[in-house]
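Number of protein chains: 2
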Amino acid sequence: MKNQIGNLLYGQSGGPTSVINATAYGVITAALRTKHQIDKVYCMHNGIDGAIHDDLFCMNEVPFHQLELLKQTPGVAFGSARHKMKDYRKDESEYIKIFNVFQKYNIRFFLFNGGNDSMDTCQKIDDYLAYKSYRCQVIGLPKTIDNDLVVTDHCPGYGSAAKFIANTMMEIAYDTQAYSIGKVTIVEVMGRNSGWLTAAASLASLRGYGPDLIYLPEVPFSKERFQADVQTIYDAKKRCLVAVSEGICDVSGVMLGETDLFMDAFGHGQLGGVSHLLANQLQIDAHLPCRSIELNLPQRCGAHLQSLVDVQEAIATGETGVRYALEGISGVMVCMKREMSPAYRLSYFPHPVHDIANGVKTLPREMINKEGNQITPLFYDYALPLIQGEPDTSYQDGLICLY
Amino acid sequence: MKNQIGNLLYGQSGGPTSVINATAYGVITAALRTKHQIDKVYCMHNGIDGAIHDDLFCMNEVPFHQLELLKQTPGVAFGSARHKMKDYRKDESEYIKIFNVFQKYNIRFFLFNGGNDSMDTCQKIDDYLAYKSYRCQVIGLPKTIDNDLVVTDHCPGYGSAAKFIANTMMEIAYDTQAYSIGKVTIVEVMGRNSGWLTAAASLASLRGYGPDLIYLPEVPFSKERFQADVQTIYDAKKRCLVAVSEGICDVSGVMLGETDLFMDAFGHGQLGGVSHLLANQLQIDAHLPCRSIELNLPQRCGAHLQSLVDVQEAIATGETGVRYALEGISGVMVCMKREMSPAYRLSYFPHPVHDIANGVKTLPREMINKEGNQITPLFYDYALPLIQGEPDTSYQDGLICLY
Numbered sequence: 003m004k005n006q007i008g009n010l011l012y013g014q015s016g017g018p019t020s021v022i023n024a025t026a027y028g029v030i031t032a033a034l035r036t037k038h039q040i041d042k043v044y045c046m047h048n049g050i051d052g053a054i055h056d057d058l059f060c061m062n063e064v065p066f067h068q069l070e071l072l073k074q075t076p077g078v079a080f081g082s083a084r085h086k087m088k089d090y091r092k093d094e095s096e097y098i099k100i101f102n103v104f105q106k107y108n109i110r111f112f113l114f115n116g117g118n119d120s121m122d123t124c125q126k127i128d129d130y131l132a133y134k135s136y137r138c139q140v141i142g143l144p145k146t147i148d149n150d151l152v153v154t155d156h157c158p159g160y161g162s163a164a165k166f167i168a169n170t171m172m173e174i175a176y177d178t179q180a181y182s183i184g185k186v187t188i189v190e191v192m193g194r195n196s197g198w199l200t201a202a203a204s205l206a207s208l209r210g211y212g213p214d215l216i217y218l219p220e221v222p223f224s225k226e227r228f229q230a231d232v233q234t235i236y237d238a239k240k241r242c243l244v245a246v247s248e249g250i251c252d253v254s255g256v257m258l259g260e261t262d263l264f265m266d267a268f269g270h271g272q273l274g275g276v277s278h279l280l281a282n283q284l285q286i287d288a289h290l291p292c293r294s295i296e297l298n299l300p301q302r303c304g305a306h307l308q309s310l311v312d313v314q315e316a317i318a319t320g321e322t323g324v325r326y327a328l329e330g331i332s333g334v335m336v337c338m339k340r341e342m343s344p345a346y347r348l349s350y351f352p353h354p355v356h357d358i359a360n361g362v363k364t365l366p367r368e369m370i371n372k373e374g375n376q377i378t379p380l381f382y383d384y385a386l387p388l389i390q391g392e393p394d395t396s397y398q399d400g401l402i403c404l405y
Numbered sequence: 003m004k005n006q007i008g009n010l011l012y013g014q015s016g017g018p019t020s021v022i023n024a025t026a027y028g029v030i031t032a033a034l035r036t037k038h039q040i041d042k043v044y045c046m047h048n049g050i051d052g053a054i055h056d057d058l059f060c061m062n063e064v065p066f067h068q069l070e071l072l073k074q075t076p077g078v079a080f081g082s083a084r085h086k087m088k089d090y091r092k093d094e095s096e097y098i099k100i101f102n103v104f105q106k107y108n109i110r111f112f113l114f115n116g117g118n119d120s121m122d123t124c125q126k127i128d129d130y131l132a133y134k135s136y137r138c139q140v141i142g143l144p145k146t147i148d149n150d151l152v153v154t155d156h157c158p159g160y161g162s163a164a165k166f167i168a169n170t171m172m173e174i175a176y177d178t179q180a181y182s183i184g185k186v187t188i189v190e191v192m193g194r195n196s197g198w199l200t201a202a203a204s205l206a207s208l209r210g211y212g213p214d215l216i217y218l219p220e221v222p223f224s225k226e227r228f229q230a231d232v233q234t235i236y237d238a239k240k241r242c243l244v245a246v247s248e249g250i251c252d253v254s255g256v257m258l259g260e261t262d263l264f265m266d267a268f269g270h271g272q273l274g275g276v277s278h279l280l281a282n283q284l285q286i287d288a289h290l291p292c293r294s295i296e297l298n299l300p301q302r303c304g305a306h307l308q309s310l311v312d313v314q315e316a317i318a319t320g321e322t323g324v325r326y327a328l329e330g331i332s333g334v335m336v337c338m339k340r341e342m343s344p345a346y347r348l349s350y351f352p353h354p355v356h357d358i359a360n361g362v363k364t365l366p367r368e369m370i371n372k373e374g375n376q377i378t379p380l381f382y383d384y385a386l387p388l389i390q391g392e393p394d395t396s397y398q399d400g401l402i403c404l405y
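Keeping their order, the protein sequence lines are chains A and B. Residue numbers are given in our numbering: position 332 of the first sequence equals residue 334, and the series is strictly consecutive. Residue numbers are given in our numbering: position 153 of the second sequence equals residue 155, and the series is strictly consecutive.
Simulated from the structure, these hints should not be mistaken for laboratory data. No experiment lies behind these values; they were computed from the predicted model shown. A portion of the hints provided could be inaccurate.
A pair holds if it fits inside one copy or across any two, identical chains being indistinguishable in the list.
[Said to hold, decoys possible] Straight-line distance between alpha carbons at most 20 Å, and here's what the computed SDA-like set of lysine to any residue pairs gives:
1) K239 - R209
2) K99 - G374
3) K363 - G255
4) K37 - V64
5) K88 - A318
6) K86 - Q314
7) K339 - H47
8) K99 - Y397
9) K37 - P291
10) K363 - L386
11) K185 - H47
12) K225 - D252
13) K239 - D57
14) K42 - P366
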């Protein structure tokens, strides 16, 4: 039996997803199981801020039935932060605080869960600890509903958000067919830099309830073409269902939400997104009855509609991170690789965070049709395996049980 | 064995709910089971329009496994209409068309599923058939997410919408606690004339994740008091969660959504609701960071978060309607009565539609606190039994199966 090496510190960063806490569960339970190598398991409160301010939770005494709830708890159970670390060569102050906390708690394994900004933090912490010759394994764990991390096939969090969006789109489509003459319904989906989430709306098409039109950040948006597209559909069907990404840009690459069109009479940026703008404009220009629906936060925190595959992969991501750390690997992110033959199967591999930090993976052009207003079947092949299965979520008195 | 009496016609009307099709299931299967009394079971396409235009579906040959899907299908499977019937003494033209269809199909049982406007239609059809001395039992079946029908304890559709709102509120609350300094999050809930749905957001408080403040149509809305309430909470907690009804009115009874504040620079009413307005104003007046979330259509079509109690009661409502019709009762709505001792138990009784048509039941004042910005525990006692239990919803490839 090996001697204990030291303690583990885990943190969450960036925006919530409905399975980031499943990854926390994977990390915490895997670490607690390896008692002969890892003694204490700590979680940072509010991401890297917890390490800077010596604000940690010790998880060793938390009852197992409570840990189990992490699997079905959306949001960020231990708190998050959007904190961009400076270069330690220019300002070492925060690094010194973090280093003191690492020494105080004998942290020898550091697992940090987030998107591309968080991988940048991983890289910087790993560099600094090497500079201080402090032995500690630094592992990045992917998490983002946007699915925009490079190198990895996909990210935990995407499958559940995609499932929420696909099913909600189907329900909205069914709802909007109630009357013989319908409206133009514009549904706005998250994803500022990539169209993965908006494309997921099209999975509803596999049941005949998908959007008629889809507009993605990957294709420059033309108001004129959009209005013509909608008019054509409306004339034929007396209704039109549109999915639009919050991140659509005009030809010069400026996000529609940041153009003058969005300023109110006081010159303030308006709340409520691009779907409201498009619907208002369409009512004014084309006199079509319109409704706009922003899926908003529920798409990233809808724990009642998790994908079982996503939950299982999120847990495995955390467990794999602990394994890499114990194997002495550092400065890597846990990445995913899929095989599709004979069936969907996922494996994991480590890849240097350096290549991943600050990168953005967009939807490949071949997954978008020629006109830039719909998805091709290639996207279904990619996304469908990720939304499979429904967890046995526990409720009490009709309310989901949270950690 | 009695002789067959004739055929049954069922129709859906008004806005969708996530269990109106469960009531359809109750009607259709109960009617098909009584083969010795009812021969054919028809559904109108697009509500009363289907009867006017001779556009009916015969349900006798639909496979049972397909009928089963009605229980988990939101929206309006047979189509709806918002059609206000005129007084037949003033304009008989549509009544003559309907009467011809009734004679052609030998309709002797007419079951109509909807809200208070639909009960008005029931009343008029019942009156007209009596005037024509045509023997036909007319039964109203309640349906509304708003829960605003009088006489009945509650309405099928409310429990599932309340469950969706309560759980989504809890998930949003959890999500918005991610960062150490939060925002003012204003969540807009449906219900133009009554606060039943908005109040349901407070069920999340039973788990510690409810809204800090609730604003209902029952209490005149003051912008100044609202902003002061929010500021007090924000100062104490560095975040504030608000639930607001789309139907809040100023002291003179004018809905906020219909005041000048909602007109854009072109003088058009803006899409996006009262939550966006309140959030924008709060940013401008109080310089607080704000986010607005409109729950929008998903709250009435979120079949993935049905209440089992609501589904079962919706089915029983349909079955009870068929029973009343066979017993020779006419011109009534199926109403619900609850017992709470020793435990929640529901029974049904018929009540003349005349008393129900066009009435509105608002939230009793004793369910609202003195300040008019929160709910009292009396509401929990009322609403909690209605959101209990989760149906075993069937999915295929991660997508909910629809009728």
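Against the structure, the hints:
1. For a Cα distance limit of 20 Å, the shortest separation of K239 from R209 inside one copy, 18 Å, qualifies, whereas the shortest one across copies, 45 Å, does not.
2. In this homomeric assembly, K99 and G374 never come within 20 Å of each other (Cα to Cα): the closest approach is 49 Å inside a single copy and 47 Å across copies.
3. Taking the shortest alpha-carbon separations for K363 and G255, only the intra-copy value of 17 Å comes in at or below 20 Å, while the best inter-copy value is 52 Å.
4. Only within a single protomer do K37 and V64 lie at most 20 Å apart by alpha-carbon distance; the minimum there is 15 Å, versus 60 Å between protomers.
5. Neither within a single protomer nor between protomers do K88 and A318 lie at most 20 Å apart by alpha-carbon distance, with minima of 31 Å and 64 Å respectively.
6. With identical chains, the CA atoms of K86 and Q314 are never at most 20 Å apart, being 30 Å at best within one copy and 52 Å at best between copies.
7. For a Cα distance limit of 20 Å, the shortest separation of K339 from H47 qualifies neither inside one copy, at 31 Å, nor across copies, at 49 Å.
8. When the C-alpha separation of K99 and Y397 is checked against a cutoff of 20 Å, the pair qualifies neither within a copy, at 41 Å, nor between copies, at 50 Å.
9. Proximity of K37 to P291 under the C-alpha cut-off of 20 Å is found in neither arrangement, the shortest distances being 63 Å within a copy and 45 Å between copies.
10. When the C-alpha separation of K363 and L386 is checked against a cutoff of 20 Å, the pair qualifies only within one copy, where the shortest distance is 19 Å, while the shortest distance between copies is 45 Å.
11. When the C-alpha separation of K185 and H47 is checked against a cutoff of 20 Å, the pair qualifies only between copies, where the shortest distance is 19 Å, while the shortest distance within a copy is 46 Å.
12. In the homo-oligomer, the alpha carbons of K225 and D252 lie at most 20 Å apart inside one protomer (9 Å), although the nearest pairing across protomers, at 37 Å, exceeds that limit.
13. Taking CA atoms no more than 20 Å apart as the test, K239 paired with D57 passes between copies only; the shortest distance there is 19 Å, against 58 Å inside one copy.
14. For a Cα distance limit of 20 Å, the shortest separation of K42 from P366 qualifies neither inside one copy, at 43 Å, nor across copies, at 53 Å.
Hint compliance for this structure: hints 2, 5, 6, 7, 8, 9 and 14 are broken, all remaining hints hold.
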